[in-house]
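Engineer: Each chain, letter by letter, is given below.
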Amino acid sequence: MSDATSEVSVYKPTNELSQLLGEPALVGLEKLEVYNEFLWSIGSAIKVTDTIGWLLAKNYTDLSWEIRREQIIKADIIKYYQKQAISELIKTLAPSGQFQTALYRIFQAEDDLTLWETNPESRKAIDEALAAKGHSASAILAQAYIRGGTQIDLIDRRIAGYERRRDAVLREAGLWNDGLRQRLNRATTAIIDAEFTEAGEEAGK
Amino acid sequence: MSSDRQIAANQNNAQKSTGPSSKAGREISRRNAHRHGLAIKIGSDPAFRDEIEKLSQTLSSGAQFTLAHVREAAEAEIDLMRIRKVRAWLFETYYFTDNEPSEGLVKLNKKLAKLERYERRAFSRRKRALRAMCRSAALIPDCSGDPQQRREP
Chain A
1 MSDATSEVSV YKPTNELSQL LGEPALVGLE KLEVYNEFLW SIGSAIKVTD TIGWLLAKNY
61 TDLSWEIRRE QIIKADIIKY YQKQAISELI KTLAPSGQFQ TALYRIFQAE DDLTLWETNP
121 ESRKAIDEAL AAKGHSASAI LAQAYIRGGT QIDLIDRRIA GYERRRDAVL REAGLWNDGL
181 RQRLNRATTA IIDAEFTEAG EEAGK
Chain B
1001 MSSDRQIAAN QNNAQKSTGP SSKAGREISR RNAHRHGLAI KIGSDPAFRD EIEKLSQTLS
1061 SGAQFTLAHV REAAEAEIDL MRIRKVRAWL FETYYFTDNE PSEGLVKLNK KLAKLERYER
1121 RAFSRRKRAL RAMCRSAALI PDCSGDPQQR REP
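Going down the list, the protein sequences come from chains A and B.
Here this note's numbering is used: the first residue of the first sequence is 1, the next is one more, and so on.
Here this note's numbering is used: the first residue of the second sequence is 1001, the next is one more, and so on.
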């Protein structure tokens, strides 16, 4: 292993090689430590032993990172349109009577929307009230998908593109070393599981 | 529609235009068609020369690869890094701002669609170069590069 140092079980690229592979392109609140942990875990899973191995591992990590980022944005966008749909439907919860309805729509609907966003108990109560009016949670989610359909579709296409490239990296790895490809392939399931779990957790915040 | 006289006058006037005359003006106009620089072949950009050189040296150490293939792979890899940085910048500029997320996403999606073809091109270029390296290095026994494999996305 000329280009990589190994500790007990964690494979890390040398500082020189890290510099050559470049700083990861992070955005928003993404953390360098989390990225590095991810790269090293892939390096360790596939037991990288040379520069080309690290180059492919880095590419694999970057593409997985992009997929994770897009999934988090997709979840954010669905939430945004879900809130937009709720903000319109919540007005149907106004009490009867012309004056009471006007008061609710003008002054209280917005407060209830904030409660729906921030307070789980209020959210449950509002969801139940909306369901009683014929707007079930799944129907509202469907509305959110319809509103953001075009943008969500573009995100999905990008994710599919990154996944195809990630598969191509696997095939490239196989050209150099079948063992490397097999180990990278084995690591894939765990990585994909982690992507969905993390994106789900981010969306649930 | 312009008359023959107007067309002749326009052509005559155009002959008198010599473009910017100062050195600074010429420097600016030279870059009129330059927007993001991604269409320029990275190997001819002096800003990346050192990085390409270092990566080429590291990739070629320890095996007998054809130098041209190694350089091609290094250029494509640095190009991919550059494209990822541009993508991150687009996310920062259009999405992670104070604007409404839907508004930012519409702009971001348009910009990312433009970036896509550059990434696809760099990715294919690196794949070709790595396969060529693999074939040229008799030191790697299990190299099984197959040029008939389907095109990459």
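Hints may contain errors.
To be verified - Some chain A residues flagged as far from chain B (calculated, every beta-carbon gap over 12 Å):
1) S41
2) K47
3) N59
4) D127
Stated by the list, open to error - Distance windows between CB atoms, simulated:
5) E1100(B) / E33(A): 24 to 34 Å
6) E1103(B) / Q98(A): 28 to 38 Å
7) I1028(B) / R186(A): 34 to 44 Å
These are computed hints drawn from the structure, not numbers from a lab.
Cβ atoms here follow ideal geometry from the backbone N, Cα and C, with glycine treated the same way.
Engineer: Against chain B, does D127(A) hold up as non-interface, every C-beta pair farther apart than 12 Å?
Structural biologist: The assertion about D127(A) holds, with a minimum of 22 Å to chain B.
Engineer: Range hint 34 to 44 Å: satisfied by the CB atoms of I1028(B) and R186(A)?
Structural biologist: violated (55 Å)
Engineer: Report holds if the minimum CB distance from N59(A) to chain B is greater than 12 Å, and violated otherwise.
Structural biologist: N59(A) is in fact no farther than 12 Å from some Cβ atom of chain B, at 7 Å.
Engineer: Starting from the hint 28 to 38 Å, judge whether the C-beta atoms of E1103(B) and Q98(A) obey it.
Structural biologist: With a Cβ separation near 35 Å, E1103(B) and Q98(A) satisfy 28 to 38 Å, so the hint holds.
Engineer: Do the Cβ positions of E1100(B) and E33(A) conform to the proposed distance bound of 24 to 34 Å?
Structural biologist: holds (31 Å)
Engineer: Is the claim that S41(A) lies outside the interface with chain B correct, judged by CB distances over 12 Å?
Structural biologist: Holds: least Cβ distance 20 Å, greater than 12 Å.
Engineer: Would K47(A) pass as off the interface with chain B, using Cβ distances and a cut of 12 Å?
Structural biologist: holds (16 Å)
Hints 3 and 7 from the list above are not met by this structure, while the remaining hints are.
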